[in-house]
Amino acid sequence: MGELVIEALGLRKVFRGTARRPGFGGALRSLVAPERVTTVAVDDVSFGVRAGELLALLGPNGAGKSTTIKMLSGVLVPSAGRALVAGHVPHLDRPANARRIGAVFGQRTQLWWDLPALESFAMLRDIFKVEEAAYRLRLDELAGLLELSSFWKQRPRQMSLGQRVRCDLAAALLHDPPIIFLDEPTIGMDAVVKEQVREFIRYQTAERGRTIILTTHDMAEVSRLASRVVLINEGRVVYDGSLADLQKEYGSGWKVRVTFAHGAVPPALPGLVGTAGGEHLFAGTDPAAQRHLLRELLDRDDVEDLQAHGDDLEDVMAAVYRKRAETTR
Amino acid sequence: MLTWRFITLSLKSAIEHRADFFFMILVGAIWQVTVVAFATVLITRFPGMGGWTPGAVLLMTAVRSGGHTLAGSFFMGARQIAELTLEGRIDAFLLRPMPVYRQVMLNYFHVPMLGDLVVTGVMFAIAARYLDLDWTPWRVVYLVAAVLGAMFLEAAVQTFLGSFALRHPTAKQWQEWTEDLMATFGSYPLNILPDLARAVFVFVLPIAVCGYLPVAFLTGHTTELPVPVWAAAASPAIGAVLFAAALRWWTTRLRRYESVGG
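Protein sequences, first through last, are from chains V and E.
Heads up, the first sequence stops at 329 in this note's numbering, and the numbers go up one at a time, no gaps.
Heads up, the second sequence stops at 591 in this note's numbering, and the numbers go up one at a time, no gaps.
There's no promise every hint is true.
As the list claims (entries may be wrong) - With a Cα cut of at most 35 angstroms, we get these calculated DSBU-like pairs of lysine-lysine:
| # | chain 1 | residue 1 | chain 2 | residue 2 |
| --- | --- | --- | --- | --- |
| 1 | V | 323 | V | 248 |
| 2 | V | 194 | V | 248 |
| 3 | V | 153 | V | 255 |
| 4 | V | 194 | E | 501 |
| 5 | V | 248 | V | 129 |
| 6 | V | 153 | E | 341 |
| 7 | V | 194 | V | 255 |
| 8 | V | 323 | E | 341 |
| 9 | V | 153 | V | 129 |
Source of the hints: derived by calculation from the structure; they are not laboratory data.
None of the values given here were measured: they were computed from a predicted structure.
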């Protein structure tokens, strides 16, 4: 893994506004004496991302993921702390930062709504001053990976969500940025397109060496793409580490369900926690014990069915948030 | 070059909605026809207004209209800031290596300005015919400066108010109100108004810069001016100065931009 290219150093973002009181009387009172409200969206968030790494930034809705990404991409100015992208403060050197990064916010588009996507691509080529030959090569590659050519003459307003996001992904990479921010890029997509986008993201890190920060609520996506996760809850980092360690630390362990052939004598193997309807359930927390058990079972001729389960990442996440809530209570 | 690409792209974007495009041109033309009808009545029925000849009043209308047309062409995006913010498009602008202000202004093509341009030209021609003025080169240059000053003033006001729309979408209503105000009072000699109103339009919301002061200097209607003649002569520069101040205000507000949805 390369050097640190993205650094969040004690990032904090505070939004200030007014709260509306309920009812007509409350509305009148708010008009005369508004109640000032301060919302700390991100509080002392620190982490680093190395070149070529894909980091999944996870958390429930309103946790501060998008705000963090917006500070790192230069859209928002932090209230405190510092963001560094390729050694530069994004909001202080915005044009240079824009050339180094690409960003896709899944629920928004940076394409011209009323013009064919191809025209948006050409405009972005001019804005980012990409040479024509390089642009052609890149567009061909992106079109191949994302299968754009069948719909890139359409206007985004006529596209499906999946088509629109694929065009946005291409638009974000046309200037060949080494760093990419993806904020829920697969939200609302069908399974087939989702898989295509996941493969595209995997390709960008594995084959093209890009550094990616990805936010998503899709745990299958996380386990497929990310080796490292940062969990944010209520604006604070609650976990920063590998996915494997996260599962080890907060998971409830492994389970193996076995159905033996009729009349077979089940062996006495460690980890058996119960039997029901001819099915034997083994469970434990040590991965080595699970591997040993599976080897034993696979060597036997009387095993009719065998299912091995790891921790469901959704459950692991829930466990992290539960534990966090308990410790702060 | 890039600016031109933006303008053509915005125009193409406007043409995409054919019915809307033609309807807006039609609305613009009808609006301008009412302005021409008003000017015709002014010239044929009234001997003057507040001591001003009909030709001078029409020149003032033409200067304000010219400034408004140019402001509509290059700065109309300021009126879209509330929508651009709510749609998250300001986020996208911040992710491009190009000034956000320029992207906002070029994002929208104000179709009715095509009609405005024609009618403004007609008004200038009629005003020039009725005015007994020797159009020396410096007078022509000063007239151009007056039109640019009117443009910058309108751009300054809309930019200043539009900056608030980055956080408060209701600022758009203030933008519309001030535009109406400038359209209503910018085309008449302000000496017909009560002193207080005149003071407001000279020193608070300097609508006088849009036409009254520069045209008063240009046509020699300087006896009832609320400011010294040299100040009236320098009035086109005020629009530019206020525009520069509005740009600084925009930069400050953009640093406090909060985006939408997280």
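Hint check:
Taking the CA atoms of residue 323(V) and residue 248(V), the gap is about 14 angstroms. The hint holds against a cut of 35 angstroms. Of the pairs offered as hints, the one joining residue 194(V) and residue 248(V) holds, with about 28 angstroms between alpha carbons and a cut-off of 35 angstroms not exceeded. Under the criterion of a C-alpha separation no larger than 35 angstroms, the hint pairing residue 153(V) with residue 255(V) is inconsistent with the structure, at around 50 angstroms. A distance of roughly 39 angstroms separates the Cα atoms of residue 194(V) and residue 501(E); the hinted pair therefore is violated under the 35 angstroms criterion.
Our distance criterion of 35 angstroms between C-alpha atoms is broken by residue 248(V) and residue 129(V), whose separation comes to about 47 angstroms. Of the pairs offered as hints, the one joining residue 153(V) and residue 341(E) holds, with about 14 angstroms between alpha carbons and a cut-off of 35 angstroms not exceeded. For the given pair, residue 194(V) sits about 28 angstroms from residue 255(V) by alpha-carbon distance, which is consistent with the 35 angstroms threshold. Among the hinted pairs, residue 323(V) with residue 341(E) is inconsistent with the structure: their alpha-carbon atoms are about 56 angstroms apart, more than 35 angstroms.
At roughly 22 angstroms between alpha-carbon atoms, residue 153(V) and residue 129(V) fall within 35 angstroms of each other, so this suggested pair holds.
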